[in-house]
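From the two separate chains plus the hints, produce the assembled complex.
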Amino acid sequence: MGDDMDIGGAASSAVESFLKETSLYLAPDPEIMENHGLEPRTAYEDQCIAKESDPVRLEIVRERILAGVNESFEMLENMGAAPGAKWGDCVSAVYTASGDLSLASSGGVVIFCNLVQYPIKFVNKYWAGEPTVGIKEGDVFIVNDARYGQAHNTDQSMMMPVFHEGQIVAWAGATVHEGENGAIEPGGMPSLAEQIWDEGLKMSPFKVAENYKLRRDLVTFLQNSVREPKLQYADMKVKMYVCRRIETRIHEAIAEYGVEAVVAALRMNLEDTDAEVRRRLSEWPDGTTRHSWWTDGTLRENVQIKINLELTKKGDELTFDYRGSSPEFTNRSNNSLDITVKGMLAQLFLTFIWPDIPRNQGVLAPVKFIFDTPSVLKPAFGTPNAQSMMTVFTAWSAGQVCAMKLLYSNPHKYTRVLAPWFNMINTFLFGGLTQHGEMVGNVCADINGMGGGALADRDGEHGCAPIFATMSDIGEQEFIEEEMPFIQIVSKKMMKDNQGFGCQRGGMGYQMVLAMRDSPAFGFMLTAMGAKFPNIPGLFGGYGCPTYPLSRISGVDVFDILQKDPGSFRYSIEELMNERPFKDGKYTTHPMTIGYTLAKRGELYMISQGTGGGFGDPLDRDPKDVIRDLDEDLISHDVAWRIYRVVYNRETLHVDELATEEARNAARRARIAASKPFGEFCKEWVKDKPSGKVPYYGSWADKSLVHAGSPDVVHPAGQVNPPVIMTHPMQAKIDRLEAELAACREGKS
Amino acid sequence: MKVFITSMLNIDLDSERWECASCGHDIGDARHNYKEGLLARERDPSEIHAPILDAAKYDFTFAPDPDWCRIVEYCCPNCGRLAEVEYLPPGHPPAHDIELDIDALKAQWAKREALDKPVLGPDFVAPPHHH
Ligand SMILES: [Zn+2]
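Same order as they appear, the protein sequences are chains A and B.
Position one of the first sequence corresponds to residue 1 (our numbering), numbered consecutively onward.
Position one of the second sequence corresponds to residue 1 (our numbering), numbered consecutively onward.
To be clear, the hints were calculated from the coordinates, so they are not data collected in a lab.
Check before you lean on any hint, since a few could be wrong.
[Unchecked claim] Listing some non-contacts, in silico: residues in chain A with all C-beta distances to chain B over 12 Å:
hint, residue
1, Tyr571
2, Glu574
3, Asp638
4, Phe681
5, Ser710
6, Pro711
[As the list claims (entries may be wrong)] DEER-style ranges, computed between Cβ atoms:
hint, chain 1, residue 1, chain 2, residue 2, range
7, B, Gly28, A, Glu476, 52 to 58 Å
8, A, Lys586, B, Gly28, 54 to 60 Å
9, B, His32, A, Arg570, 52 to 58 Å
10, A, Leu737, B, Asn78, 54 to 60 Å
11, B, Lys111, A, Val686, 37 to 43 Å
12, A, Gly382, B, Ala104, 25 to 31 Å
13, A, Lys624, B, Ala107, 23 to 29 Å
14, A, His637, B, Gly28, 37 to 43 Å
We treat Cβ as the ideally placed atom computed from N, Cα and C, and that holds for glycine.
Chain B with its partners taken away, still in its complex shape (with noise of 0.2 Å):
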């Protein structure tokens, strides 16, 4: 049975392995840490926010400080898909962001009937304005 973790993970509860929700590829051991089996790389951020004020004119261009924030890219290794991007500063370990109790997983799922996709549930509605 596959639990969909995340819009990009899923773990196969009988193999216990997450995979890849886009392409089916294996990523590791489900009581380990995702990005084990993902690939990543560092980015300046602003290869991604780039400035929209003029970088030769200003200190402030909207465009991240590099000395402050790199962005860290994780992707799957078959299809390049991003499953995870991390804003960090330099050098900072990345995080061990989704550590799920498998066992409780598993227990918790024998009760309930496979999904063939994510449930989205009701939309998002901000209630409405006041003034």
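For reference, chain A alone in the conformation it holds in the complex (with noise of 0.2 Å):
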């Protein structure tokens, strides 16, 4: 089970061993790569069992690995480098012998769970009998490249074999999060990639440590790839002693306990796992629920493009249907690959859904995918996917509502329903030279600031945690600041009426207000959809979040206005926008999609954290609630009214009962009059095709058919010919300008 319905049939063996013989360049193996289920049980794993099966003492033997794999994700944490693993970006993992993830540290990021199996799968199956490579105790391989297996090319992860008595038991694995990896644009995800070339290193798993020791003609290499040549060798150093500990706590679990007992833990985990879904999937209702979405752009230009998903639950088995979805941009980063979606549902499960259910792939085994292939959501071998965290959220975020729908009649649940979380990153990426001379590419922890969404019986929480990654912090902005020549002038302040409504509101996003102040080349770069159509919906009557742009204000030195007229300062973006403070500033709004631009002393680089899902008709919210959202300015009285319909006293916030009763009654009344019937609602909503103001890409009514940016012209899904090759966007100005030129003229002679 778990194996892609799209997969073509095997090759025979001898046929395999021959391609492999011979195969000038081994590419990521389809083989592998389409299957996210569990390995079949070795016959080494079956006499392992037949021994030890007492599940009383496998669960002692589980408890004691965990231990040693959470005391090395600790080291992942405190020692990485990368701001990523401060801020728990990162994760650290036991495999079986074949690959399967079956223990991921209590920690960290579980996104990675269903992903390091592929690229272990392709070291047994390519290096451990290739006689120019081998897999020897010691060992280390490393990978970056997503096409073998990892979330986004941006993570790197290292992976040591666990030998016992001569025979590989285990695989001990660690990833990170590690930024800056050589791309055209610095910090690792850059918007601008037309091709793969343009992503920087492109890792296949490769051997890079013997006898425990990092090859340093191989560490230099990669060294001289990237822009922080010092974080890339002390993140590989980190993650090999990581793999190191895990390795040293599995032979002393052997030790104790006999290698039977590790390997049937090992093996049990996963298949208990899978046995405990298929339980839990039984108890959800029968049935299919629908969820479609746009994201409004490329990262390039504003087009708007489809996630279609249609999640079916039948007995114990779950299937995503994501067909209908966008067809691929071939030039463009923003694409994601099957696999970060897998690995991305797979933490809404062990998130959001089932929180108690142990960390590890087994959790996906009852679970099918169908994808139009190739399409933004499983793009061909050749197509960017860089930037795949513009499309893989939104996927998520379909997944997460498509979810809640079957969950909610459940009389059995491990955590409470919960309207859609906060899915953009909206946080700045920077990169260039510090104020002590180093050059780095990363990413702000802001990212780590989504809203959460309600649940039924209360508000989501404000700042919270990234969809990806719900343990992990936005730092501190000081410390931050002592290695980065740039200021957060106004940080973590709530933005005000930025608020999923509902009778449970969503958790608020914060504003940041940056400039940068001491350094010769620095920059920054946005990266997040959502200032067109918004990023996520509401739940059961409760509505989404907002848009939100980057506002910007050039031609001006903060640092000089607030040492010389500092009360001209403003402290949110509100009024600096609005009110427009300082007269030689200019004022201008974006998508929040710059590529990476340099910034100039005391210019001002304004963006919001974005807010979760509100739950329930705003209507319905106690007016207490409402009330303590204004006094602590969280909602603006025009909120309060025209979405609450509150009726108070403006001075005392004082609660008119009665009045605002009559006031939701009379806007229910006014509802119910300004509405229609379903069907003559649809007579006249419904068009049979976009409407042409907007590009747009995807189905429309019929998922077998998709769009490539014209309403008129629709192609078979994923068979979309010729493919979506989008203009450079200077030349698309250009042509726009030369057209209007010619036009000008014309009208002259």
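Right, dumping it as structure tokens:
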């Protein structure tokens, strides 16, 4: 189980070995990459389980190994040099000898849980019997190319075989979101990548250490390929010692309980998880939920991109059918690999639905996936994917909405139904020379400040955690400022009215007003969707988030202003932009998608984190909660009335309950009067194609047909020909200006 | 027996009908799209997500662009409470978002005790922060 439904027939083993021996290039192996499920039990695992099957004893062994993995995670987090490691965007884990992830650290990013299996399986299949490589005790392998199995190319994983008496009995692995990887832009997630060759390091799984020692020649090559050579070396050492610590703890467990108990515990952990997930799925109602959502750009231009999901649960299996989603963008980086979608969804279950389930890849064994191939969620081999988050997060949120609609009725839940979490990386990426003269390229930890979704009985949490790493921290701003040449003048201050309205409201996002200070060459980039079309909806009558722009004030040095005329400064984006307090400033707004741009000292860059979705009808919100939000300056009087219909004294904030009830009843009657029966509404509302005002990609009513930019041309899904190739935005601008110029000249002659 | 499908929609298994969880109003055949029994209206997104930045001065204001996005609201024809809110490009067909196998649902609940209110489950607790 767990195979994709679009997998082809497997080649016979003779053909396979012939191909293996004669292949000039070992690309990612579809047989490995198409199977997110568990490997079959090996004969040795059978023997071990026959000898050791007492669940209590296996649980003791499991806990013992997990303690070792958690210890290794502490090392990773505390010693890791990348900002991602410091804030928990990393994980360590134990894998079976076949490469299935059996035990991930209790902290860390679970998306990796379903991803590092692939490169280990590649190493097992191709390098074990390869005379020029081989797998020996003390070897360590490294990978970063997502197509061989990573969440994205900015992550780097190292993997070490664990031997017992000359035989591999497990694998240890450590993964960190390293950031910098030598791509066309700093920070590891280049929006500008038009080809995979613009994406920086392309490490297929290879051996980088022997006898527990990093090979200095290879390390130097990798350092020579990235902007942060010290970071590259430091974190390779850290990851290797993390693997080594796991290896030590496994050897100790073997010494105490015997190798059979360790191998049986690792295998049974996977099989038991699979069985428990099936049991839990059986509790869900059988049926289909559907949700479509749209992102509003490729990071280079604003276009409307559909993510289409039909989630079907039958018996003890679940199928995510993403057909009808947008075609791939062959020269843009916003395509997501299917394995990234799967990894993200594994962590939907492990964090947001069944947080008590052991963290391993067994959770996806009963789950199937269907994609159009190629499409924006399963691109062709040569299509860039460096900014996969732009579509995978939307695909994930669609999964969250569809799952919640199947979960609410269950009499037995493992955690609560939740409105959509905010899902976009409303944060700054930065790069350049620091005040200490070092070259850096990375991402601000404000990526971790996404607002939480509302629950049935309480509001969502403000600036809580990213969807992919619920334990991640937003870090200490002062600490960052010691190392980096920019200052957040307004930091972690909630943005008024930036709220997912509902009976319970979403957790809100804070604003970031930032300026560069002490560097001859430093710049920022932004890579977030959602300036035209919001990123998330609400749930069961609640509303979603608003849209989020980048605001800029250029032509000023705010540090001079703060020194000479501090009273003129305003401490919110709203006041700075609407009041325009600096007379020489140029005030502009943009989508949150600027490519790497060098900053001038004291210019302001301003963005806001996003809010989680609301739960239920806002007119049912307790007026006391509305007043609390007003009092805390989270909403304006306008929102208290326009959205929540609360009547109160503006000075004392005392609620007039009777008048509120009357106002709300009147609003409900007005709603009924302004609405139409569904059938009648659809006759007026539904059009047979997109309006044409906006370039549209993906299906409309029929998921087997997709648009590729135009309302009038459709292609069978997965067979878009010619493929989608976007014009360079600069060229598009030149074309537009030349046409204008030609029209002007014609007008004159 | 009633099954609480969303916070605003129940299915009565005996009559196989959708009903409003708030006022009990009959919404229609449980084997069909519940939206068929609701009222719908289109909203300009800025009626909900009003501009925070001055729309006279700026292109991007925190309000969604109506050429890209409209909000469709579905309410109970009797009590007027919102059951669902959909964000769609102008003219895009609404989703048949919940389609349950009613026979399987009846078989599943035949082995369960009736509930008098939805079960919330243990609170959602994000794992402790690290850094
Ligand atoms: Zn009602």
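Hint-by-hint comparison with the structure:
1. Under the 12 Å C-beta cut-off, the non-interface status given to Tyr571 of chain A relative to chain B holds; the minimum distance is some 15 Å.
2. Its closest Cβ contact with chain B, about 6 Å, brings Glu574 of chain A to no more than 12 Å, contrary to its assignment away from the interface.
3. With 12 Å as the threshold on Cβ separation, the claim that Asp638 of chain A sits away from chain B is violated: the shortest Cβ distance comes to roughly 7 Å.
4. Distance check for Phe681 of chain A against chain B: the nearest CB is about 4 Å away, which does not clear 12 Å, and the non-interface claim fails.
5. The beta carbon of Ser710 of chain A sits about 14 Å from the closest Cβ of chain B, which is more than 12 Å, so the claim that it is off the interface holds.
6. Here Pro711 of chain A does not stay apart from chain B, with its beta-carbon only about 10 Å from theirs, under the 12 Å limit.
7. Checked against the given bound of 52 to 58 Å, the beta carbons of Gly28 of chain B and Glu476 of chain A, roughly 55 Å apart, stay inside it.
8. Distance hint for Lys586 of chain A and Gly28 of chain B: a CB-CB separation of about 56 Å, consistent with the stated range 54 to 60 Å.
9. Between His32 of chain B and Arg570 of chain A the beta carbons are some 54 Å apart, a value that agrees with the proposed interval 52 to 58 Å.
10. Range check, Leu737 of chain A to Asn78 of chain B: Cβ separation about 57 Å, and the 54 to 60 Å hint holds.
11. Separated by about 40 Å at the C-beta atoms, Lys111 of chain B and Val686 of chain A satisfy the suggested range of 37 to 43 Å.
12. Distance hint check for Gly382 of chain A and Ala104 of chain B: the Cβ-Cβ separation is about 44 Å, which falls outside the suggested range of 25 to 31 Å.
13. At roughly 43 Å, the beta carbons of Lys624 of chain A and Ala107 of chain B sit outside the given window of 23 to 29 Å.
14. For the hinted restraint 37 to 43 Å between His637 of chain A and Gly28 of chain B, the CB-CB distance of approximately 39 Å keeps it satisfied.
In summary, the structure is inconsistent with hints 2, 3, 4, 6, 12 and 13 from the numbered list given earlier, while agreeing with the others.
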